[in-house]
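Enquirer: What follows is the residue order along each chain.
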Amino acid sequence: MESEYFRKFLESKSSKVNAKIIGDLLAWDEGLQISRSSKFTDFLELVYAEKTTGDAIVLERGTALDLAERIEWMEKSIESLSKKVKVLVAILILVSLVAIWGWLT
Amino acid sequence: MTNKREYVRTMQEEVMKRFVGNEEATYIAILNLLHKRSTLLIRAPRGTGKSTLMLLLLKGMFGDDFTVISGASEVKRGEVIGRLHIPSLEKEGTEKVLWARFVQAHGKGIDEVNRLNPYTTANVHHMMQFGEVWAYGQKSTASDYTLIANENPNDLTTFIQPPPFYDRFDVCVYLNSLTVSQKFELQEKNNRYENDLINSMPQVIRYEDLLEIRREVEGTELDPETLGFINILVRDFQVCVRDKEHSSVLPPVLCEGCHFTRFVCSSVKEPPSERATVVLTQLAKAKKWLEGEVRNDDIIEMAKWVLVHRISLVRNENVIEEIDELLQREKERMLERESRRQWFILNELYTNYSPGLYRTAREIAVEDNVFAEELYALEEKWIKEGKIKKEETLKATLGIK
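Chains A and B are the protein sequences, given in the same order. When you read off a place in the first sequence, starting at 1, and then add 52, the result is the number in my numbering. When you read off a place in the second sequence, starting at 1, and then add 207, the result is the number in my numbering.
Heads up, a few of these hints could be off.
Said to hold, decoys possible - The following label-pair restraints were derived from C-beta to C-beta distances: (1) Pro371(B) - Ala108(A): 57 to 63 Å; (2) Met541(B) - Ile74(A): 25 to 31 Å; (3) Glu102(A) - Ala584(B): 55 to 61 Å.
Honestly, the hints are just simulated from the structure, not real lab data. Glycine is no exception: its CB is placed at the ideal position from the N, C-alpha and C atoms.
All chains, please: the whole structure from these sequences, using the hints.
Expert: This is the structure:
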């Protein structure tokens, strides 16, 4: 037999839990706990300093745009370099085939 | 003084004016006085103030209207319970019982309780259990009372008192001997009260006020979470998946190969009775009534004095230290339970069966035998409802009968 007091205990405990049932899964938000001693770290500080002061890293809009532009340029460079690599591999295969044919005849 | 809480605070102040050190034990002893048929056991080595504390508490509550019997002297039934009224027997042929002052007194003290003879112990035990005493086929019902006893557990006695007798004492406090500075403090107090600490103790609470306080404490409501904390804490000390309550083999031998050996259960040879839950609830109510709140840390502190005489531990070199350590482990375990959101999951499962949540609950149950027991109960329900098969249950997986 279910105890009414026990159900009240479970309900009281549950009311303080910020969790959701998603399908068959249980999910909750832990939240970001930032202590007084734990400060935010600047992005450039992260890049150039050996040690950072905090657990969270913040980006200024300008730095973020620079970073996005740099990533875009790097992606384009990677694309162009991979095309060149493919052509060089094709030439290498062709030269190798010609060399083998010449050696056999 | 209209505020009854002030009476209790004054009582503590007056006791501490005459008693040195052991503040925590004294505070618990006073909290324990605030519920009906309060019983307290004071344990200490010789000459550390156990009789003094007992008498100070009795004087503070009952003035001179209390009765103390001593196990150190031969106690006859007539002195403790009652004796036959000889003239009635001779003249009328009727057996009339004259009930002893110990039975009738609201304040009762037993000095050196471990030296009582078995007959007296049996009578006192019966009174503590059923609130009545018997002599010559006649019964006397004991009204609300306060019983304070003391003993030196290291004293060799002729008889060994049975564990169920000790279980009837709500709390058991241990007193420590005095440090150098405390010895000076005692000398000062003795001088201030002309070496008569006990007789200088005033009656602080009238009997009518005590009854009213006890009614108020009884009516104090605890929130479901505090009740839950108490119930889970005591259950942690009782639970055993190998059913040690009914086993002739006890821990540590019983625990060999058990999954739950890192928990408190494996350190407890004989678990506490359900009285531990009742007393801890009463103490929590008293604390809330007196201080306005009771926190989980308070319950952990109070549990030490509720459990110490009710359980037998695997390691018992220093029972107080060992219980302290186990209670600290309990604190961490309670936090783990919170972080797992296990009561939320159980609540959801009570409302709706969900295979995914059930899987999570099974994983939690492997880490918590108290939670596992509740899941077993749900599994039984789901088997009846055809939601799961018996061989799929956690109980079956763990091989628990």
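Enquirer: Does 55 to 61 Å hold as the CB distance between Glu102(A) and Ala584(B), or does it fail?
Expert: holds (57 Å)
Enquirer: Measuring from beta carbon to beta carbon, are Pro371(B) and Ala108(A) in 57 to 63 Å?
Expert: holds (60 Å)
Enquirer: For the range 25 to 31 Å, tell me whether the beta carbons of Met541(B) and Ile74(A) fit it or not.
Expert: Given a distance of about 27 Å, which is inside 25 to 31 Å, the answer is holds.
Consistency note: the structure conflicts with none of the earlier hints.
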